[in-house]
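2 protein chains.
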Amino acid sequence: MALIVQKYGGSSVANVERIKNVARRVVQTKRKGHRLVVVVSAFANTTDDLLEIAKAVSDHPKEREMDMLLATGEQASVAILAMAIHQLGEKAISFTGPQVEILTDRSHTKARILDINTSKIESALREGQVVIVAGFQGKTVTEDITTLGRGGSDLTAVALAKALRANRCEIYTDVDGIYTADPRIVPNARKLNHISHDEILELASLGAQVMQSRSVEVAKKFNIPIHVRSSLNHSQGTLIVKETPKMEDVVVGGVALNQDEAKITIFAVPDRPGRAAKIFKQLAENDINIDMIIQNKSETQTTDISFTVYKRELARALPAVQKAADLVGARSVSCDENIAKVSIVGVGMRSHAGVAATVFEALAKKRINIEMISTSEIKISCVVRRNKGKAATRAIHQAFHLEKRKKRTPKRSR
Amino acid sequence: MALIVQKYGGSSVANVERIKNVARRVVQTKRKGHRLVVVVSAFANTTDDLLEIAKAVSDHPKEREMDMLLATGEQASVAILAMAIHQLGEKAISFTGPQVEILTDRSHTKARILDINTSKIESALREGQVVIVAGFQGKTVTEDITTLGRGGSDLTAVALAKALRANRCEIYTDVDGIYTADPRIVPNARKLNHISHDEILELASLGAQVMQSRSVEVAKKFNIPIHVRSSLNHSQGTLIVKETPKMEDVVVGGVALNQDEAKITIFAVPDRPGRAAKIFKQLAENDINIDMIIQNKSETQTTDISFTVYKRELARALPAVQKAADLVGARSVSCDENIAKVSIVGVGMRSHAGVAATVFEALAKKRINIEMISTSEIKISCVVRRNKGKAATRAIHQAFHLEKRKKRTPKRSR
Numbered sequence: 001m002a003l004i005v006q007k008y009g010g011s012s013v014a015n016v017e018r019i020k021n022v023a024r025r026v027v028q029t030k031r032k033g034h035r036l037v038v039v040v041s042a043f044a045n046t047t048d049d050l051l052e053i054a055k056a057v058s059d060h061p062k063e064r065e066m067d068m069l070l071a072t073g074e075q076a077s078v079a080i081l082a083m084a085i086h087q088l089g090e091k092a093i094s095f096t097g098p099q100v101e102i103l104t105d106r107s108h109t110k111a112r113i114l115d116i117n118t119s120k121i122e123s124a125l126r127e128g129q130v131v132i133v134a135g136f137q138g139k140t141v142t143e144d145i146t147t148l149g150r151g152g153s154d155l156t157a158v159a160l161a162k163a164l165r166a167n168r169c170e171i172y173t174d175v176d177g178i179y180t181a182d183p184r185i186v187p188n189a190r191k192l193n194h195i196s197h198d199e200i201l202e203l204a205s206l207g208a209q210v211m212q213s214r215s216v217e218v219a220k221k222f223n224i225p226i227h228v229r230s231s232l233n234h235s236q237g238t239l240i241v242k243e244t245p246k247m248e249d250v251v252v253g254g255v256a257l258n259q260d261e262a263k264i265t266i267f268a269v270p271d272r273p274g275r276a277a278k279i280f281k282q283l284a285e286n287d288i289n290i291d292m293i294i295q296n297k298s299e300t301q302t303t304d305i306s307f308t309v310y311k312r313e314l315a316r317a318l319p320a321v322q323k324a325a326d327l328v329g330a331r332s333v334s335c336d337e338n339i340a341k342v343s344i345v346g347v348g349m350r351s352h353a354g355v356a357a358t359v360f361e362a363l364a365k366k367r368i369n370i371e372m373i374s375t376s377e378i379k380i381s382c383v384v385r386r387n388k389g390k391a392a393t394r395a396i397h398q399a400f401h402l403e404k405r406k407k408r409t410p411k412r413s414r
Numbered sequence: 001m002a003l004i005v006q007k008y009g010g011s012s013v014a015n016v017e018r019i020k021n022v023a024r025r026v027v028q029t030k031r032k033g034h035r036l037v038v039v040v041s042a043f044a045n046t047t048d049d050l051l052e053i054a055k056a057v058s059d060h061p062k063e064r065e066m067d068m069l070l071a072t073g074e075q076a077s078v079a080i081l082a083m084a085i086h087q088l089g090e091k092a093i094s095f096t097g098p099q100v101e102i103l104t105d106r107s108h109t110k111a112r113i114l115d116i117n118t119s120k121i122e123s124a125l126r127e128g129q130v131v132i133v134a135g136f137q138g139k140t141v142t143e144d145i146t147t148l149g150r151g152g153s154d155l156t157a158v159a160l161a162k163a164l165r166a167n168r169c170e171i172y173t174d175v176d177g178i179y180t181a182d183p184r185i186v187p188n189a190r191k192l193n194h195i196s197h198d199e200i201l202e203l204a205s206l207g208a209q210v211m212q213s214r215s216v217e218v219a220k221k222f223n224i225p226i227h228v229r230s231s232l233n234h235s236q237g238t239l240i241v242k243e244t245p246k247m248e249d250v251v252v253g254g255v256a257l258n259q260d261e262a263k264i265t266i267f268a269v270p271d272r273p274g275r276a277a278k279i280f281k282q283l284a285e286n287d288i289n290i291d292m293i294i295q296n297k298s299e300t301q302t303t304d305i306s307f308t309v310y311k312r313e314l315a316r317a318l319p320a321v322q323k324a325a326d327l328v329g330a331r332s333v334s335c336d337e338n339i340a341k342v343s344i345v346g347v348g349m350r351s352h353a354g355v356a357a358t359v360f361e362a363l364a365k366k367r368i369n370i371e372m373i374s375t376s377e378i379k380i381s382c383v384v385r386r387n388k389g390k391a392a393t394r395a396i397h398q399a400f401h402l403e404k405r406k407k408r409t410p411k412r413s414r
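Residue numbers (my numbering), protein chains in the order written: chain A, 1 to 414; chain B, 1 to 414.
Since the hints were derived computationally from the structure, they do not count as laboratory data. It should be emphasised that the depicted structure is a prediction, and the values quoted were computed from it without experimental measurement. We treat Cβ as the ideally placed atom computed from N, Cα and C, and that holds for glycine. Hints should not be assumed to be uniformly reliable.
[Said to hold, decoys possible] Label pairs and their calculated CB-CB ranges:
hint : chain 1 : residue 1 : chain 2 : residue 2 : range
1    : B       : 403       : A       : 141       : 53 to 61 Å
2    : B       : 55        : A       : 52        : 21 to 29 Å
3    : A       : 24        : B       : 243       : 53 to 61 Å
Can you make the complete structure from the sequences, with help from the hints?
Here you go:
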């Protein structure tokens, strides 16, 4: 009798039929004899509707009140799911985040979980209840309601799996699992049976929005396996697991395309120590997330610094960048939204030479110019023109034969 | 510097414009130097929308989960109102019922308030905050969310006024106050400046749904004056106050028409002691509310018993009545939905003779037949045919000259 944490996202409970479908899945799992904790997101669109009213009454809603407002979405969905499960004759009880004492810090709209008191959940499980917990939310020590930010329901699920020492954590979504690339871009992309925590972390940060990074970080830290699968069918999804020796053989796990970033360049920064630090400190103070950073040392006394930021933060970023540029005595600032970032990820890259070469060659063959390159131990990212992004993704996918399973271990098969 | 509790009903926050209007009123009151606690209902329609989803997934939703679901309505409205007040530059903080520890019993969907811990509210008031509290909801000692039933937000407001020793309790609605009769039925009905707790209790139970009985009972018990007024204009409303000697002079305060009841008659009940008790015990066990009861002692060995019940409870009532009738050996049961109940209420009736005679005469003049009569110290109710209800209401209103203020004290003016 396993203890399973299941999480259903907003698209899985988007309408009455889907809610009933989730209830049926939950009851099936329960009747196999498992103990079950179910984390639910708000119904699709609920959050948007609430945000719209907030926007109509206030230019800059306070974050505490936003959390108060948004937390109602998940509270409604857990109650409705409990009713749907009762209707199928199974015992179920719903709880808000505060009720099960998901204790967070005071960072409203992006709170971090500090502790979970599992006694209420465990007691309900002992009664044979399916325990339904509102995702995305918690409370501070002074009982203020907090929310966990983007992907917060995943985080709730993983944190509960950890706190309850669950045997499994299943994340239900509207896709079948994690693919070697976005199937809308690469039609012969293949669903992965396994992927490592590290790889999914890189993929998440690269724009393949399968799971939110924070929840995977927690899963990695506590070695919690996650099963990402579809709530709409019963096919096996993708297991996110700790890296295993066998996985080392897999050079490249997947290709991701990110079109959400823009490139900012600061021209002619005086080439003296501490100038870059000054610039990025300025941006950090304005809470702007930087992704890739490229600096080419020039032969003159100045250097150009380029970096990418999220487009949604661009309006806040540009004034801060201009201020930083003035501060360090740079010449000018430019901004380019017309870029795409293509990245390959794979734990096997650590021990395999020639991966970068294969990437660059694949792009060159398609006459795709590379504007920025950045690498980590298990990742290579290239910035290209936006209109070349999809072609670049397909070219790399093909170069590594990701559509074929056995070709994921090239050294052995060659 | 007074401490004021204001309550705004669902129609006062039915759309963005009205929410902003409420925010302006609140800020106006605050800027007069008062300390302010605001109780808000769910936005109009929110509750209906939630109920619809519940009905779609479950035939008989559990009451605990209904409370979990419905409480989200008020939680959303307090957050939005706080934002709208912030937008006007005033400090405000929202709380759910559980957050301010409105402690109730476990009677989900109709919970009774046991205690309120005011420390959190008082601390926020000391900080100069407008304190916004979600109406209609509380929690049990084990942190389950409860709701207070119909008119629950009024009850929250009155209970808070009591617990905080507020100077005033203002109930904002979409009507100007309490009238001598429903202006849609009696066009020259007059708005009352004052009415006693007892009178409003009779009016509420008689179908003039101005304020829910439980909240008036609490207000009466703790002698809390309530000001019922419109959120849409600034005219004075009606003060619900403790009975004063002067009020004794007012014979009749108002006329109410109730078309929500049905009459049930049990024919030929063997006329022996304890039979009536058996019948009504049976109904009480089925949680059916009885209003008027009439029993005419017959000259034979049997008697007919008639009583009225709410039409919405009729489907549950009839089988219970039939069972009770069989139990006591009665002959048959009949049901009549085609009735209306017209009632007059006034504390002055205690000391004024002839009120009943005036009522019966007024109806006789209009050739309206009276089918049942029931009286209390400050009330006379008559059941008539449903299609005569409005004419009866107008006839009685006219007979007591309720449209003219001075005629409310006939002894002095005559």
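How the hints compare with the structure:
{"no.": "1", "hint": "B/403 to A/141: 53 to 61 Å", "in the structure": "holds, 60 Å"}
{"no.": "2", "hint": "B/55 to A/52: 21 to 29 Å", "in the structure": "holds, 25 Å"}
{"no.": "3", "hint": "A/24 to B/243: 53 to 61 Å", "in the structure": "holds, 60 Å"}
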